[in-house]
Structure formats: structure tokens, C-alpha cells
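All chains, please: the whole structure from these sequences, using the hints.
Heads up: the protein sequence lines correspond to chains A and B, in order. UniProt numbering numbers the first residue of the first sequence as 1 and each following residue consecutively. UniProt numbering numbers the first residue of the second sequence as 1 and each following residue consecutively.
Hints in this document: simulated from the structure, not taken from any laboratory. Treat the hints loosely; a few may be bogus.
Label-pair restraints from in silico Cβ distances [what the hints assert, rightly or not]:
(1) 195(A) - 102(B): 52 to 62 Å
(2) 291(B) - 379(A): 36 to 46 Å
(3) 122(B) - 141(A): 44 to 54 Å
(4) 504(A) - 113(B): 22 to 32 Å
(5) 460(A) - 122(B): 47 to 57 Å
(6) 69(A) - 291(B): 19 to 29 Å
(7) 513(A) - 291(B): 20 to 30 Å
(8) 243(B) - 424(A): 21 to 31 Å
(9) 326(A) - 155(B): 43 to 53 Å
(10) 379(A) - 349(B): 36 to 46 Å
(11) 296(A) - 317(B): 45 to 55 Å
(12) 504(A) - 122(B): 21 to 31 Å
(13) 409(A) - 122(B): 52 to 62 Å
(14) 141(A) - 155(B): 30 to 40 Å
With the C-beta cut set under 7 Å, the calculated list includes, among others, these residues of chain A facing chain B [unchecked claim]:
(15) 340
(16) 343
(17) 399
(18) 509
For every residue, glycine included, the Cβ atom is placed at its ideal position computed from N, Cα and C.
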Amino acid sequence: MPTNLSARLCTFLLSLFLIAFALPAFAGPFEDAVAKFANEDYSDTDEAIGVVASSGNKLAFPIISALQDGRLMADPDSKKVYVTGTDGKSIDAATGEPVASVPDSASAVRLNNRLRRSVDAALGSLTLQSPDLGARLQAAQSVYKSHEETALEPVEGALAKETNRSVKTALSEARAAILLFKSDATEVQKLEAVATIKARGDQEALALLSDIGTDQPASVAKAAASAIGSIQSSLAVWSTVQNAWYGLSLGSVLLLAAIGLAITFGVMGVINMAHGEMVMIGAYTTFVVQEVIRTRYPALFDYSLLIAVPLAFLVAGAIGVVIERSIIRFLYGRPLETLLATWGLSLVLQQAVRTMFGPTNREVGNPSWMSGAFDLGQITITYNRLWILVFTLAVFMILLAMLRYTALGLEMRAVTQNRRMAASMGIATSRVDALTFGLGSGIAGIAGVALSQIDNVSPNLGQSYIIDSFMVVVFGGVGNLWGTLVGAFTLGIANKFLEPVAGAVLGKIAILVLIILFIQKRPRGLFALKGRAVEA
Amino acid sequence: MTSHMLTRSLDRGAAIFLAVVAACGILIPLSNLLLPAGSFLQVPTYLVALWGKYVCYAILALSIDLIWGYCGILSLGHGAFFALGGYAMGMYLMRQIGTRGVYGNPILPDFMVFLNYSKLPWYWHGFDMFWFAALMVLFVPGLLAFCFGWLAFRSRVTGVYLSIITQAMTYALLLAFFRNDFGFGGNNGMTDFKDILGFNVQAEGTRGALFMLSCLGLIVSFLICRAVVSSKLGKVLIAIRDAESRSRFLGYRVESYKLFVFTLSACMAGVAGALYVPQVGIINPSEFAPGNSIEAVIWVAVGGRGTLVGAALGAIVVNYAKTFFTSGVLAPYWLFMLGALFILVTLLLPKGIVGTFNAWREASKERRPAAATASAAAEDGVTEPKMAEKRS
Numbered sequence: 001m002p003t004n005l006s007a008r009l010c011t012f013l014l015s016l017f018l019i020a021f022a023l024p025a026f027a028g029p030f031e032d033a034v035a036k037f038a039n040e041d042y043s044d045t046d047e048a049i050g051v052v053a054s055s056g057n058k059l060a061f062p063i064i065s066a067l068q069d070g071r072l073m074a075d076p077d078s079k080k081v082y083v084t085g086t087d088g089k090s091i092d093a094a095t096g097e098p099v100a101s102v103p104d105s106a107s108a109v110r111l112n113n114r115l116r117r118s119v120d121a122a123l124g125s126l127t128l129q130s131p132d133l134g135a136r137l138q139a140a141q142s143v144y145k146s147h148e149e150t151a152l153e154p155v156e157g158a159l160a161k162e163t164n165r166s167v168k169t170a171l172s173e174a175r176a177a178i179l180l181f182k183s184d185a186t187e188v189q190k191l192e193a194v195a196t197i198k199a200r201g202d203q204e205a206l207a208l209l210s211d212i213g214t215d216q217p218a219s220v221a222k223a224a225a226s227a228i229g230s231i232q233s234s235l236a237v238w239s240t241v242q243n244a245w246y247g248l249s250l251g252s253v254l255l256l257a258a259i260g261l262a263i264t265f266g267v268m269g270v271i272n273m274a275h276g277e278m279v280m281i282g283a284y285t286t287f288v289v290q291e292v293i294r295t296r297y298p299a300l301f302d303y304s305l306l307i308a309v310p311l312a313f314l315v316a317g318a319i320g321v322v323i324e325r326s327i328i329r330f331l332y333g334r335p336l337e338t339l340l341a342t343w344g345l346s347l348v349l350q351q352a353v354r355t356m357f358g359p360t361n362r363e364v365g366n367p368s369w370m371s372g373a374f375d376l377g378q379i380t381i382t383y384n385r386l387w388i389l390v391f392t393l394a395v396f397m398i399l400l401a402m403l404r405y406t407a408l409g410l411e412m413r414a415v416t417q418n419r420r421m422a423a424s425m426g427i428a429t430s431r432v433d434a435l436t437f438g439l440g441s442g443i444a445g446i447a448g449v450a451l452s453q454i455d456n457v458s459p460n461l462g463q464s465y466i467i468d469s470f471m472v473v474v475f476g477g478v479g480n481l482w483g484t485l486v487g488a489f490t491l492g493i494a495n496k497f498l499e500p501v502a503g504a505v506l507g508k509i510a511i512l513v514l515i516i517l518f519i520q521k522r523p524r525g526l527f528a529l530k531g532r533a534v535e536a
Numbered sequence: 001m002t003s004h005m006l007t008r009s010l011d012r013g014a015a016i017f018l019a020v021v022a023a024c025g026i027l028i029p030l031s032n033l034l035l036p037a038g039s040f041l042q043v044p045t046y047l048v049a050l051w052g053k054y055v056c057y058a059i060l061a062l063s064i065d066l067i068w069g070y071c072g073i074l075s076l077g078h079g080a081f082f083a084l085g086g087y088a089m090g091m092y093l094m095r096q097i098g099t100r101g102v103y104g105n106p107i108l109p110d111f112m113v114f115l116n117y118s119k120l121p122w123y124w125h126g127f128d129m130f131w132f133a134a135l136m137v138l139f140v141p142g143l144l145a146f147c148f149g150w151l152a153f154r155s156r157v158t159g160v161y162l163s164i165i166t167q168a169m170t171y172a173l174l175l176a177f178f179r180n181d182f183g184f185g186g187n188n189g190m191t192d193f194k195d196i197l198g199f200n201v202q203a204e205g206t207r208g209a210l211f212m213l214s215c216l217g218l219i220v221s222f223l224i225c226r227a228v229v230s231s232k233l234g235k236v237l238i239a240i241r242d243a244e245s246r247s248r249f250l251g252y253r254v255e256s257y258k259l260f261v262f263t264l265s266a267c268m269a270g271v272a273g274a275l276y277v278p279q280v281g282i283i284n285p286s287e288f289a290p291g292n293s294i295e296a297v298i299w300v301a302v303g304g305r306g307t308l309v310g311a312a313l314g315a316i317v318v319n320y321a322k323t324f325f326t327s328g329v330l331a332p333y334w335l336f337m338l339g340a341l342f343i344l345v346t347l348l349l350p351k352g353i354v355g356t357f358n359a360w361r362e363a364s365k366e367r368r369p370a371a372a373t374a375s376a377a378a379e380d381g382v383t384e385p386k387m388a389e390k391r392s
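Quick look at the structure:
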């Protein structure tokens, strides 16, 4: 069959010839490749994508992403290609020079499914080397999730150039994920990959290792199984740590809300149902402070909370003193009536705030030092929760010191322990009462500043905390701040550990039922005051 | 002699009250049904339903007064018993809908079909029978109150601690009933009722009959409370209210007395809820809201705690005021008024309207000539018990 052979030879030579001619175009300058987009030919477009993506030119990313979005315009007559930006401005794709307008003869470069895949791959490898750190990290993570074999080469390329440590880790994890799913990877490569992913140790590593399939070599399957086991046990530990952290965070919020109540209830035996509204007033004080700062002194925004804390203390404290002088002092010795009167007061305060500020949520911003989060092992800690915990403990310590080392604190403790004896010793109990109530309310106001950072600032803000605060005080016991501390953190942590088991609502119900049962056992709380004085 | 005068004199206020309630119970439905619509004396149907609601609130107020006014137990969770009674009735009404629901399922209520229940939960069985539902109206609140009271009173949880844990109880129930998988319709509750005992709940005749029944319920509750507080048992209750430790030292089993009256009161609240639901046509978890229970307490305080007539009157007056003010231009100020009511009543009118009126009449009698002194002195012991100055 000579004819056949010669025909084959002919074809071969012809293609060799063609390639020889085409090669300069491949290796040629960036501009030539860009011009190929204007050829209205799918294989030319494909070649152009490959060349542009590997060119290292800074225009590569805009061009390919424009191509993906149908914003790459090509003029078949002049062989000029333009990138239309999302803002409507256009540039010349080959030079990057801005152009006034794209000619009418230009049309968007068309794609088919095969080309779309090349565009995606090209974009993936381009973002892997993007100058933006966040974009690189994200690209590496998306490769990790998709573990497409085609991404192996770009990932390895990027890995070689990468200098940032966390991106480097992400890239090597992505590489490991690809190798693990690559059917022709060697056993050694796969074992190394398993080790890399095991070191990652999170939920996603677990998911990846769990679906590597059954067609793996025995040693790899075994290594994966043991890695799954060790990841699971370390995840269990971390989830305990995470629950504990959430519990501490919730406990600090509860403590902050309850601490003022503990003082008024402990010293005066007064159930202040309007306590939640003092918290709300503190939150609205923060709102007003931030509004003033926004309109007058925007530079001070980061200090807004520091300014709001003393102000909220003064505003809520002053309102507290007024309430004590005008209502509560007439009701001493009648705790049930006090409860009703202060409930009425809470309705009035809520409605007053609703009338002044409107019924909807108000925007209270986070200063820069309170927003964001950082990772600690496998858990994420947000700055606002961390600061609230720190702040709560600081308030607690200051209060404790005040009770112990100041004259007012001494008088307050005396009145708590034995009111009549204290009065006989010359303590002006009514003055102590007013100041105590003011102090309790002021601390509720401070709590409002902190809670405005994590909760909606609305007229109902206080109501959502009042029952929880009572539970904390009743659980912890009256007249002892340490009881409140222990009560708040116990309830917070118990709540967060019950939540994953029973669900948020059932967990809360379980806590309430447990407290009701606990009260039966210890009617005066965890740390009850002993002595005849409390036998009322 | 004294006890004879006691019953007679006490009955005067009570008799007027009962006569008025009975007259309203008969005349209002009759006027609604017999007189032509639009006539001057005809009571519109919406008012019958509205007043029926007030009468149910009055029963709830009576039940709170029985424990707070006469035994010193301030429950901030009585709305829970009211709502439980309402839910028992609501379950009966749901089962009566049958195939007329949106999904037309003969057994499962609409919300269960919607939530993909395959069969009726066990606690829904029996509620297709009225007698069973009626029994549950008494039994469920009674059982909860018995268990709760047994635990609380035995370990001597008193005063504000008790108030707070009753509030926690109703709050826990509120959260529980909001859940869809709890089997009581989640936050939508139950509504769209059709029949009660074969009568259309929307029909004017049924509404009239329900109103009449509510008045009857109020009369019966009043008589029961009256019987309890004027018996020897009632005297012990008052002794417990005024000096719990002393009563205990005298040899009374304080917790048993408290438990009895608390359970009785919860059953009454359950009946009030059961009468309430067919008249308003809906029951949902918001009835468990702690705010509702506290509001019910203020009705009693306004009317006069420790006076049964006062409690019922307070419920009707405050709720009438609420309807009046929340429907007009004054609506944004209603909460100011309600709040001020709480504060002013506790500060200035601790005995409530009826209690203050009684005290005033008492004082004017004592100023009468010496001839009347003897009878006045006899009556002194029989009027409503005075409030202790200090109580915990």
C-alpha cells in the first residue's frame, strides 16, 4: 500500500510544516496571542488562553476573567482586542492602554464548554499566583476542595514561588488532596499526602479522607483510616474546648447582666424587674455617643465605647437613684409589691425609649479593635466576645474591690448582713440603699454598652436578659458576688454543652427545669448567706 | 350568732356581684339573639365575644386572688395554667375539624400534615371526645401545679423566689410550645376551629351560649373560692399568708394547705383558658409569655387583692381600659398607662379599688353614734381580711 503510506507521510510532513510555522506564534510575544482572540476560531482561542495564562503578564488576569464574563471584545477586522471593565471603561487588551470606546464592529469572544473549562483552569492557576495574599489563599483552598487533577501543575508551580507560610501550607494541602485522588500517583506520594492532610486535622480533612474511595493501595487505606481516627479524637477535644469557650462567653454575658441585679437583690432584697431596662438604657447611651461621634468627631470612633462606659454608668445610675427615691423606698419590706411596681416601671421605660428612638433596631457599630477574629487551633475566637469576657471580669474585680476596700462597700456589706444592727451603729441605711441601687443600675448600664456590641439595640433588649439574670442570681445565691460569678459561668457552660446534644431551645428548657429543681434542694442558692438575718 | 351575721353580711356584696354576673350572662346573649340587629339595645356579636373574653380573664383573676390574696403565694406563671387549659380545649376543637381542614386528613390536624407527621402523637389520643378534653382541662394544669407545688412548698421556697421560679416555669413552657416538633402546632398554635359539640363556633347562638357558660363558670368559681376562704381552711390560709412560720409552729401542715389551694387555683385557671379559646378562636404559645401572667396579677392588685369581687372587677376594668385605649389614637400611650397603673396601685392603692372602698365604709361606720357600735364591732371581724402591713 504505497499510496497509503505516501499519503500518511504527506500528512505528517504537512503537519510538521504547520507546527514549524505555528511555533513562532506559540512562543511569540504576548500581543500575538492576544490577537488570536479575534480569529473567531475556538482552537485559536484555546491556544491564546494557554499562552496568555502562562505569560506572566499583568494583563493576563483581567483578560481571562473578562473572557469568562463575556467582557472580552474582539474586532475581527483590525485584529484588536479590548477588555471592557465592569465599570464600563475599556482598555486595549494587548497594551493595557485605555481606549475611548470599543468600535462597533467588535463583538464578545465566544466560548464553548471545552473552552470554559480551560478558562476556569487558567483562572485557577492565575489566582494561585495573584499578588493578593487573600486571593491566593482562597484559590488554594478552592483547589483543595475540588482536587481537580488539572490543577496539579499550577499548584506545584505556585508552591515553588510561594513565600508566605500559610499560603504555602494551603498549597501543599491542595497538592496532597490532588495526589490522593490522582489514580496514577505513586504509593509514596499518596502516603505523604495522607500525612499532610492529617496534619491539617479539621472537619474538611476528615471529609476528604473519608471519601478517597476503595481503589487505593492497602497501605494508603490503612494510613487514611488511622488518620481519620486521630483527626476525630482531636476534633472531639477541640469541640469540647470550643463549647467551653462558647460557655465562658455566654457566662460572661450572663454575669454582666446579672451582676447589678445581684447587688440590688443581695443588699436590699429588692427584685428589680426594670433591671433589664437599665441594660437597655446603657445600650442606647452607646448608640447616642456613637451618633454624636459619627457626625462631629469621626476620628474618635474607635474610642466610642471607652467614652460610652462612664456615660452609661452615670445615666443608668442616675435613673436608678431617681427610681429608688421616688418609688422603691416606699415599698421596703414588701418585695412582692416592689416586683409589680418595677415591672410597671419597665413597661414605662421601654415605651419611653420606643417613643424617643423608634421601635426598630438601632445600629451600633463595632470599633476596629472589636471586630474580626483569630484562630486558636481548630476554634475561632472573635475579638468582641473576647473583649466582653475581659471587660466582665474587670468589672467584677473592680466591684469586688469596691465592696471590700471602700467605706461605701463596708456599709453595704453591713446593711446586707444585718440591716437593723447596721442602722444602730449609725449607718444611714436609706442613703446606702439609694447608692446601692444607683450602683446596681449603673453596672447594668455598663453591661448595656458591652451587650450593644453583640445584640440588637432595641427597646426589647432588656427583656431578653431579665429572666436569665434572675436565674443566675437565684442559682448563685444572694448576697455573695462569687455566687453570681459561679452561677453565671456554670449556667453558661452547661447551656453550651447541652446545646449540641439537645438543641438550643431544649437545652435552655432543660436548664430552666434544672434550676427549678435545684431551688427545691437549695432554696437560697448555691452560696447562701448563713445566719438569722436572712430568715426573713 | 356571729357566724350567722357573718354569712349574711358577707353575702351582701357577693350577692350583688353574683346577681349582676347572672343578669349579664342571661341578658346579653338574649339581647344579641332576639333583638333586631342595629337596634338600640341589641348587643353586637363582636361585643359578646369581647365580653366573654373579659369574663374568662375574671375567672383567671379569681384563681390568682385565691392564692395571692388569701395565701400570699404570688404566682407569676398562672398564665401557664390558663394556656394549658386553653390548649386542651384547642386540641379537642382541632380534632373536631376532621376532613374540613385544608389537607382534608380525617385524623391529623392540618399542622401535623404540614409537618409530615405520619400518625397522631400518643398524647393527642382521646381528645376527639369532649368529656376527655374537659377532664384534661382540669387535670393537666392541676397535675403540673401539684408537682410544681409539691416540690416548691415542701422545700419551703417562698416569697420572691417562688415568684421567680413560677416565671421560669411559664418561660420554659413558652419555649417548649414554640417548637414545631413538640406536637402542638409550634408558633402558629391552633386556630381555624369549626365545631364545638356539633355547634358551629362562629354562629351567634354558640357565641351566646359560650358567653352564658363563661358567666356560669365565673359564678361557680366565685362560689368555690367563697366556700374555701370562708371555711376553717380559709382561716388557716390567711394565717399562713400573714405569718407562715407561726402557723407552722402552731402545728398546721403549711405545705399541704398551700399545695391544695395552689392546685385548685391552677384548675380554675385551666377552666378559664378552656372557655377563652373557643371565644377568641385561637391558642398559641404567646399565651405563655411571662408578661401575660404579670398583667393578670395587676388586675387583681387593681381590683383589690384579698377581695374576690375586687379580683373579678379588676380584670374586667383593666381589660376594658386596654381595649378602649389600644384601639384609639391613644394606642402608643397604653403601655405608659399600664406601667403607671402598676406603680400607682402598688404605691397609693395597695388594697385596690374594692379593698379601699371597704376600708372607707368601715371607717364611716365607726364614726356613727354609739348605738350602732355593737353591730359595727361585730361586723368588724367579718369584713374582708385586712392586709398585713409587711409581708414577704
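message = Which constraints among the numbered hints does this structure fail? Numbers only, ascending.
response = 5, 6, 9, 10, 14 and 17
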